[in-house]
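Q: In case you want the letters, here they are:
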Amino acid sequence: MTRTLSIEAEFTRYPGPRYRKDGPYSGEEFREVLLEPRLKQAIYSHEKLEVILDKVSGYGSSFLEEAFGGLVRCGFTKKQITENLEIVADTPRFTHHKLRALSYIDDALKRK
Amino acid sequence: MRKLRPYHKVWLKRHARRLNQRRVSWKEWKRDQRNGIGRRRATIYKDGQQKQIWAERAIPAPEVFSLDSNYTETLLYITQIRDRLFSNNLLINRNKRRGHLKEYADFGTIKDISPTAALVLAAEFDRYRHLTGLKFCTVDEHRWDYFVLSVLRSLGFHELLEMKPLSSEQFDLGSTRVLQFLSGEQAIGESVGRLQDALAELLPDDAAQRLLYAEPYGGIFEAILNSWSWAYPEGHSWLHPSVHRWWMTGYVDTSENFVTIAVYDQGVTIPFSLPFGKYAERHERLLSKVLSYLKFTGTISDMRLDGLAIRTAMKIAKTSTGLLQHGKGLHSMQEVAERAEYGRLRILSRHGEYIWETGTRPTSQYNELPFHGTLIEWQLGLGKER
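If you read the protein sequences in the order shown, they are chains A and B. First residue of the first sequence: 108, per the working numbering; consecutive thereafter. First residue of the second sequence: 328, per the working numbering; consecutive thereafter.
If you are wondering where the hints come from, they were derived from the structure by calculation, not from laboratory data. Note that the coordinates shown come from a computational prediction; the quantities given were computed from them, not determined experimentally. The beta-carbon is built from N, C-alpha and C at its ideal position, and this holds for glycine as well. Errors might be hidden in some of the hints.
Stretch-level coverage of chain B by chain A, calculated; a stretch enters the list once three of its residues show a Cβ under 8 Å from a Cβ in chain A [stated by the list, open to error]:
1. 509-523
2. 544-556
Quick list of in silico lysine-lysine cross-link-like pairs, BS3-like style, CA-CA up to 30 Å [stated by the list, open to error]:
3. K185/A / K219/A
4. K642/B / K205/A
5. K185/A / K155/A
6. K330/B / K429/B
7. K217/A / K642/B
8. K357/B / K128/A
9. K642/B / K219/A
10. K357/B / K217/A
All chains, full assembly: derive it from the sequences and hints.
A: In structure tokens form, the structure reads like this:
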């Protein structure tokens with residue numbers, strides 16, 4: 108079974124900076140409030156969490172790095188991320204954000 | 328000879344003094360007129376009414392007010408206005424019977440204006456408004472060029488200055504649409520999203536899609552985030568009082584589907600805030616290599632290297648991973664221009680200028696006249712309707 112998390116529907120249409128202190132709807136807030144708990148649930152129930160990137164106004168690189176690269180820094184393993192997390196971009200406009208988010212996870216894993 | 332009575336003597340003395348004063352004033356007035364600094368009647372709009380006041384000295388703006396085609400004169404004018412704002416000479420002196428202006432910014436001389444340069448000027452008035460709560464009056468607005476007046480009003484000058492109230496239907500910029508500037512302190516995505524949506528609405532569907540594909544949101548967001556995070560460091564001593572804000576606007580040429588977006592801050596500039604952290608070593612190493620190749624004898628903190636410093640930072644941001652936020656953000660800005668059909672990114676920061684343009688190699692240069700703060704401008708050609 109697959110769980111979904113739409114950033115636009117459940118978080119904001121206007122993603123913000125990296126940290127909470129820099130402005131509203133930050134990557135840090137998204138990760139702590141939504142992404143981490145949902146991913147933990149998905150891991151616990153052996154399901155896949157689909158994070159849908161589409162329909163927002165856009166992303167700053169800092170938001171994506173903190174949200175997805177931050178997963179590695181806060182303790183999720185490569186196995187957990189590859190088996191239980193899928194980043195989805197349904198439209199071509201958001202495909203490069205998906206690739207970027209994946210590269211941030213890779214970078215964080217390399218630095219770990 | 329008739330003997331004068333005492334009161335007559337007093338009257339004659341006073342009369343002579345008055346005549347002499349008038350003669351001296353007249354000579355001074357003539358001299359000022361000859362030197363182009365004569366006091367003259369001017370029309371202002373204040374407290375909901377049109378008024379006549381005495382205005383002494385005009386500070387005429389250049390005919391072409393643009394940081395592209397008339398960089399030096401435009402920047403000199405903005406610098407002059409910035410210095411004058413804090414001298415209070417531009418405020419009406421109410422001690423005199425008929426209101427009196429020692430100096431005033433004369434926009435009547437402008438024949439062509441770029442909204443980007445107007446944004447930098449607007450930021451000066453906005454800073455003053457935030458610091459003092461005061462607004463300056465415009466002088467002889469009826470003499471301004473119609474296009475210039477329309478650009479300034481569209482940009483939001485009517486909120487910064489005391490201007491005659493007009494509805495937006497009363498001015499027409501032809502195929503150009505200028506959005507009112509937005510300003511803030513923190514990095515707020517909603518402001519950026521509103522600007523991007525407003526620009527997209529002005530374009531036909533096809534071009535709007537191409538604009539969104541270029542993702543200006545990401546670039547603009549990183550620009551205002553850099554302003555919030557790095558442009559106004561604590562403890563920095565400022566030449567002029569600082570308000571720690573960013574300003575942005577956008578405008579569209581609907582006949583060409585050409586969009587321009589500008590983000591400006593009055594902070595310490597990119598060359599000043601570079602380099603730092605882990606980034607510092609890589610930046611210094613790369614810059615030193617370039618300098619030895621160029622046989623440059625100065626140090627890397629030399630302001631003549633500002634353009635090169637921005638270019639080096641862009642290069643590192645593009646090719647490296649594991650950078651701090653500032654590094655990644657710079658490349659996100661360039662990506663906007665890269666993703667458009669035609670794109671041009673121009674960064675002006677202190678003495679440095681960096682340009683990335685579709686189909687050409689990136690260039691950087693040193694400008695003798697320093698730019699106060701950082702201006703980032705994207706020009707995006709989105710192609711004609713297919």
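Q: The structure should be examined with respect to each hint, and the outcome stated for every one.
A: Going down the list of hints, with the structure as the test:
1. 509-523: Check passed, 8 qualifying residues.
2. 544-556: It holds: at least three residues are needed, and the region 544-556 of chain B offers 7 whose Cβ sits within less than 8 Å of chain A.
3. K185/A / K219/A: holds (11 Å)
4. K642/B / K205/A: Status holds; Cα separation ~23 Å.
5. K185/A / K155/A: holds (14 Å)
6. K330/B / K429/B: Not OK: K330/B and K429/B at ~48 Å, beyond 30 Å, violated.
7. K217/A / K642/B: Holds, at roughly 22 Å.
8. K357/B / K128/A: The hint is violated at about 61 Å.
9. K642/B / K219/A: Holds. K642/B to K219/A sits at ~25 Å (cutoff 30 Å).
10. K357/B / K217/A: violated (78 Å)
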